[in-house]
Amino acid sequence: MATWDGKTRGGKTGYGIFIFILKHFNISVAYFVLRFVAFYFILFAPKAFKSLFYFYNKRLGFGFIKSMTSIYKNYFKFGQILLDKIALMAGKDNIFTYDFTDEVHLARIIEENTGGILISAHVGSWEISAKLLSRLNGKFNIVMMDAEHEKIKEQLSKVAQNKKSTIILVKDDLSHVYQINEALSNKEFICILGDRYIANNKTISHNYFNESAKFPYGVFYLAARYHVPVLFVYAIKTKIKHYKFFVTTPKYYDSGMDSTSIDETVKIILDEYIENLEGILNKYPDHWFNYFHFWDGTK
Amino acid sequence: MTREEIIHQINILFVDEFEIDETNIGLSSNLLDVLKIDSLDLVDLVVIIEKKFGFKIQAEDMAAVKTVEDFYSFVIDRVDQQKQTGGLSI
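Quick note, the sequences are listed as chains A and B, same order.
Each step along the first sequence adds one to the number in my numbering, with nothing skipped, and position 192 is 192.
Each step along the second sequence adds one to the number in my numbering, with nothing skipped, and position 45 is 45.
Among the clues, some could well be false.
Cross-link-like lysine to any residue pairs, in silico, SDA-like; alpha carbons within 25 Å at most [stated by the list, open to error]: (1) LYS267/A / LEU40/B; (2) LYS267/A / ASP38/B; (3) LYS164/A / ASP38/B.
Anything over 12 Å on all C-beta distances counts as not near chain A; from chain B, calculated [to be verified]: (4) ILE7; (5) ILE12; (6) LEU27; (7) SER39; (8) ASP77; (9) GLN81.
By construction, these hints were calculated from the structure, which means they are not laboratory data.
Note that the structure is predicted; figures quoted are calculated from it, not measured.
Glycine included, each C-beta is placed from N, C-alpha and C at the ideal position.
If we strip away everything but chain A, and leave its shape as in the complex, we get (with noise of 0.2 Å):
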């Protein structure tokens, strides 16, 4: 199976154009002429492609048709939602609507002050759910693997510049570790992924849209060791111009000391991770961004 290469794609010039477009056009004209550019991947992100059919026909089922679509529309929302990205650091706030409902189960273990764990996945915008972040109180850590694409550090680091937020990085020195320990200990929240790993790290595999995938252990293994709410957390862009937070209710989970109970524990939240992804995939399936051969079998 092909494991994510620690890379995202995205170049300097096609943001630089779609930046102008942002500046002395509006959002609107940028999402027609994003319309052709999602057409330019169809044909030339053939890695892509091949995954992104791979989940919409034989993971979802879509016949042919509806699977081509479907690639389509999703390169075409994530498209979307990259200007969104850049509109909303460029200060255009007022040009979106949102849907803060689930916040209150966010909001409510703030009040308590526990702390807690906020898992979420490749699926709709992570960088945009930063934005119910920072209407909250809390004090957020976000967990991102240095591997990670210059420019997205660069526009979380604009993120992390609000101090209810800071980045911590994944190192081979292991630093990491001691700021998320310390970080759930003063009752910090963590944001982490819970869809990619890094080769050579120890992963688990569970059943996922029905065929066995591997997910990152570690991110589970943080959630069961420390006595915290767990909480999923996706950023949906449910109509045009519009952003709903899926926030699920917050939840402990108990584990004994010994390795058997956590390791138990592990995949218990687990499940309930891939339980709630995969219903927001069902309602939402152009929102699936990890381009590349996500499950264990052949492609």
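Given the coordinates of chain A, work out where chain B should sit on it, guided by the hints.
For chain B alone, coordinates are given in the frame of chain A:
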């Protein structure tokens, strides 16, 4: 708890939790190499040490902890601080 008792407790932890042969624990050895631990094991080490000795580990404190001896000294210092403050040291 004396310095020797603290070191003994840490060595018991190394042996029981990480299945290390105590004779292989050298003072100048790199801590992570000796324990042959990954990030998940390090989570366990941190959580167990905090619980056993009753203090919170701050990330910046661990930057200077490289060897087994560094780790002993770190824990001994924190336990001493705790005695002086009379309770849980943060």
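query: Among all the numbered hints in the text so far, which are the ones the structure does not match?
result: 3, 7
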